[in-house]
Each structure stands twice: as structure tokens, then as C-alpha cells.
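Spelled out, the chains give:
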Amino acid sequence: NAGVMQNPRHLVRRRGQEARLRCSPMKGHSHVYWYRQLPEEGLKFMVYLQKENIIDESGMPKERFSAEFPKEGPSILRIQQVVRGDSAAYFCASSPPARTSYEQYFGPGTRLTVT
Amino acid sequence: AQTVTQSQPEMSVQEAETVTLSCTYDTSENNYYLFWYKQPPSRQMILVIRQEAYKQQNATENRFSVNFQKAAKSFSLKISDSQLGDTAMYFCAFMKHGTGNQFYFGTGTSLTVIP
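Line by line, the protein sequences are chains A and B. The first sequence begins at 1 in my numbering and counts up one residue at a time. The second sequence begins at 1 in my numbering and counts up one residue at a time.
FYI, nobody ran anything at the bench for these hints, they're computed from the structure. Backbone N, C-alpha and C fix where the C-beta goes; we use that ideal spot for every residue, glycine too. Take these hints with a grain of salt, some might be off.
[Claimed, not checked] SDA-like, lysine to any residue: derived pairs with alpha carbons at most 25 angstroms apart: (1) B:Lys78 - A:Glu103; (2) A:Lys51 - B:Lys73; (3) A:Lys27 - B:Lys55; (4) A:Lys44 - B:Asp81; (5) B:Lys96 - A:Met60; (6) A:Lys62 - B:Thr107; (7) B:Lys96 - A:Gly28; (8) A:Lys44 - B:Leu84; (9) A:Lys44 - B:Met89; (10) A:Lys44 - B:Pro115; (11) A:Lys27 - B:Gln8; (12) B:Lys55 - A:Glu103; (13) B:Lys70 - A:Lys27; (14) A:Lys44 - B:Tyr33; (15) B:Lys70 - B:Thr3.
[As the list claims (entries may be wrong)] Here are the in silico distance ranges between beta carbons for each label pair: (16) A:Arg15 - B:Tyr54: 47 to 53 angstroms; (17) A:Arg84 - B:Glu17: 27 to 33 angstroms; (18) B:Ala71 - A:Gly16: 47 to 53 angstroms; (19) B:Ser80 - A:Glu63: 30 to 36 angstroms; (20) B:Asn58 - A:Pro96: 44 to 50 angstroms; (21) B:Thr20 - A:Gly28: 45 to 51 angstroms; (22) B:Asn31 - A:Ser58: 40 to 46 angstroms; (23) B:Asn58 - A:Lys51: 35 to 41 angstroms; (24) B:Glu61 - A:His10: 39 to 45 angstroms; (25) A:Gly59 - B:Arg43: 17 to 23 angstroms; (26) A:Ile76 - B:Glu17: 43 to 49 angstroms; (27) B:Gln57 - A:Ile76: 41 to 47 angstroms.
[Claimed, not checked] Computed list of chain B residues with no C-beta within reach of chain A, every gap over 12 angstroms: (28) Met45; (29) Glu61; (30) Asp81; (31) Lys96.
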């Protein structure tokens, strides 16, 4: 059973460009969480999605950031008009449906560098 | 709101010795989980150990054990017989009980095992 997949593993964008980060949950998992890790910090929650629904986006910046988890395909975290402060590692985690949240399995992360 | 505090940014231990990493948290919840995650240079988040708050018995996983003091809101990690592969960042994390809940992470402790 493949784990949580994230791609790309490394992404370099110039200021003002768009960044699209992908997360494929584990097979059978329909819940996806995105976290951001700034340098020298712990992971911070951004958004929680189920298939075709955003359940909790309380950690998402109000502008430039969006997330989706379509019926088919991976979850996408999209950052428009990136700035240097967006440079971070972005992790997604997935969990099975109807189970307690502690069963979240993390992907390897995408390291975004904004130049 | 939940907060997790790790007051030791860096620690070191001689190989084969024992080390304890500290973590305190603040919450008004009664049902929750506590975790220790390891993040090696690969940046993959690896679950080390989990504790359910309703369990009085401290969790253990091989060389890893916790000292959970619910009244004091303290959750320390003890690593026995330290090995070079234990060198990593260690994050303490909190999660409310239930579905669709996020992790709250501390800022981490960088542990170096010295040969």
C-alpha cells in the first residue's frame, strides 16, 4: 500500500509566479490535511478537506492561497503570486473516512523556494 | 486554543545514553491525544509514540517512552540506549479527540546523538 505521495518534492518559483502542490492520499483515504512548516518552526495547520469539500480552512491565509480535493485526482494546494515569505515545506496528511483524526499519515513534503 | 511548548531548542546525548525531551501544552479539552514525531534530515514526519489522555498508563514503544502528567499538562519523551539514527528534530504535538481535527505542533527540539 503506497503511502501519501506529494509532488513535486522541490519547487522553485520566482516572486509573482504561481505554485501548485499536489497530494495523493493513501488508498482508501478521503480526508486530506495540509500543513506548512516555516524554517525553524513546527508544522502549522492550513486546511482540512474531504472529497469535493473544504471542511476547515481556519489556518489558510486569506489571500493568494486556495486548496481543493476533487472527486478524481489529487488534492491541490495553490499559491498565487508567491512572495519570499511563502518559502517553506508544505506537508499533506491523509486519514481514512469515519475514523479518529489521529490516524493521519504524512507525505514527504514539498519544499517551496521563492527567489 | 491549544498551544504546545518545547523549551529545549537543542539537545545532545552520548550514544547508548538516555535523554529526555520536554513538552508542555495548554488546553481546556478533557479528551485528546499527544504525540511525538521525529523529523530526520529527509524531512519525513515519522510517528514515534502516541498517548491517549484518558489512559493513565504511560505509552512505550521499544526504546521510547513517555512521562504523561495530565494535571501538570506535561508530556516528556525518554529515549533509552540512544542510537546515531535517533539524530533528528523531535516535535511534540496535540490533537483533540474526534474526527476532522488538526495537529498542534511545538517548535521542536533538535537532538544530536554523539558517537
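Hints the structure violates: just list their numbers, smallest first. 2, 3, 4, 8, 10, 11, 13, 17, 19, 20, 21, 22, 24, 28 and 31
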